[in-house]
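**Student:** Please take these sequences and the hints and turn them into a complete structure.
In order, the protein sequences belong to chains H and L.
For the first sequence, this note's numbering gives the first residue as 1, with consecutive numbering after it.
For the second sequence, this note's numbering gives the first residue as 114, with consecutive numbering after it.
Possibly wrong hints are sitting among the right ones.
[Stated by the list, open to error] No more than 16 Å apart at the CA atoms, straight line, and that leaves these computed lysine to aspartate or glutamate pairs for EDC-like:
| # | chain 1 | residue 1 | chain 2 | residue 2 |
| --- | --- | --- | --- | --- |
| 1 | L | K212 | L | D140 |
| 2 | L | K115 | H | E59 |
| 3 | L | K115 | L | D140 |
| 4 | L | K212 | H | E59 |
| 5 | L | K212 | L | E116 |
| 6 | L | K224 | L | E128 |
[Stated by the list, open to error] Between beta-carbon pairs, the in silico distance windows are:
| # | chain 1 | residue 1 | chain 2 | residue 2 | range |
| --- | --- | --- | --- | --- | --- |
| 7 | H | S58 | L | Q114 | 14 to 22 Å |
| 8 | L | E118 | H | R96 | 27 to 35 Å |
| 9 | L | E128 | H | K80 | 43 to 51 Å |
| 10 | L | Q183 | H | G16 | 38 to 46 Å |
| 11 | H | A40 | L | Q193 | 22 to 30 Å |
No wet-lab data here; the hints were simulated from the structure.
Heads up, the beta-carbon is just placed ideally off N, CA and C, and yes, glycines get one too.
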Amino acid sequence: SQTIHQWPATLVQPVGSPLSLECTVEGTSNPNLYWYRQAAGRGLQLLFYSVGIGQISSEVPQNLSASRPQDRQFILSSKKLLLSDSGFYLCAWSVRRGFYGYTFGSGTRLTVV
Amino acid sequence: QKEVEQNSGPLSVPEGAIASLNCTYSDRVSQSFFWYRQYSGKSPELIMSIYSNGDKEDGRFTAQLNKASQYVSLLIRDSQPSDSATYLCAVSTDPGGFKTIFGAGTRLFVKA
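**Tutor:** Dropping the structure here:
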C-alpha cells in the first residue's frame, strides 16, 4: 500500500531563518506531488506541484521554493521566513494518470515568530 | 476569481440524524468533485469523489452533484460523534488535479 511521510510535525522558527520541509512517498512510482498551505480558517492553497524529477510548477509567487531531487521525494524550502509564512503545510500525492483526489501527509504546523 | 463556497458552520446535528453539507462552485468547466474530512489539528482525508450528475453512495456517505446548478452536497446518514470534523469541498477543473480549488470547510458537530 502507498504511504506518505512528512516531517517535522511542528516547527517554530524565527523570522529570517531558513526552512526545509521534506516529504516522501512509498509504494508507488511516478506520483504527482503537491505542496499545500492551510492558513487558519481558510481553504487550502496550492503552492507547488511536480509531475517528475526536477519539474516544479509554482502557483503562488512568494519566498518559498520547492525541489524534487528523487521520484518520491518533495522538498519545500525558504531562505528567509516571513511572519506570513506561518501555517499548516501539507504534502500530497496523486496518481500520474487521471485524477482521483489527493492523499495528504500528516502535515507540518509552522509558526514563524 | 474561481470560487468554492461552503457554509462555515458549525452545523450541529444529534446522533443518528442525517447531516447535510453543501458546496457551490463558480467554474462551469469543473470536472471532478471531492469531499475531504479534516479532524482538528490533522490533515484532510479523502472520503468521497463524484464526477457525474446524480448521487454516489459509499456506506453512510452520499455525494450529490448537480452541474446545472453548480452545487455538490454530502449527506451523512446515522451521524456519529466520530463524524464531528470539518468537511472540505474541493473542485478540479483539469484532469491532473493541478487546478483544484478548496472551500474553507464546514464544521460539523454531532451531539451524543
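**Student:** If a hint holds in the structure, say so; if it does not, say that too.
**Tutor:** For each hint, the structure was consulted:
Between K212 of chain L and D140 of chain L the alpha-carbon distance is near 11 Å, which keeps this suggested pair within the 16 Å criterion. For a cut-off of 16 Å, the pair hint linking K115 of chain L to E59 of chain H stands: about 14 Å separates their Cα positions. The hinted pair formed by K115 of chain L and D140 of chain L meets the criterion: a straight-line CA distance of about 6 Å does not exceed 16 Å. At most 16 Å may separate the alpha-carbon atoms for a hinted pair to count; K212 of chain L and E59 of chain H meet this at roughly 10 Å.
At most 16 Å may separate the alpha-carbon atoms for a hinted pair to count; K212 of chain L and E116 of chain L meet this at roughly 12 Å. For the suggested pair K224 of chain L and E128 of chain L, the alpha carbons sit about 6 Å apart, so the restraint of at most 16 Å is met. Between S58 of chain H and Q114 of chain L the Cβ separation comes to about 19 Å, which falls inside the hinted range of 14 to 22 Å. At roughly 31 Å, the beta-carbon separation of E118 of chain L and R96 of chain H lies within the given 27 to 35 Å, and the hint holds.
Checking the proposed 43 to 51 Å range against E128 of chain L and K80 of chain H shows it holds: the Cβ atoms sit about 49 Å from each other. Our hint of 38 to 46 Å for Q183 of chain L and G16 of chain H holds, since their Cβ atoms are close to 44 Å apart. The hinted range of 22 to 30 Å is satisfied by A40 of chain H and Q193 of chain L, whose Cβ atoms lie roughly 27 Å apart.
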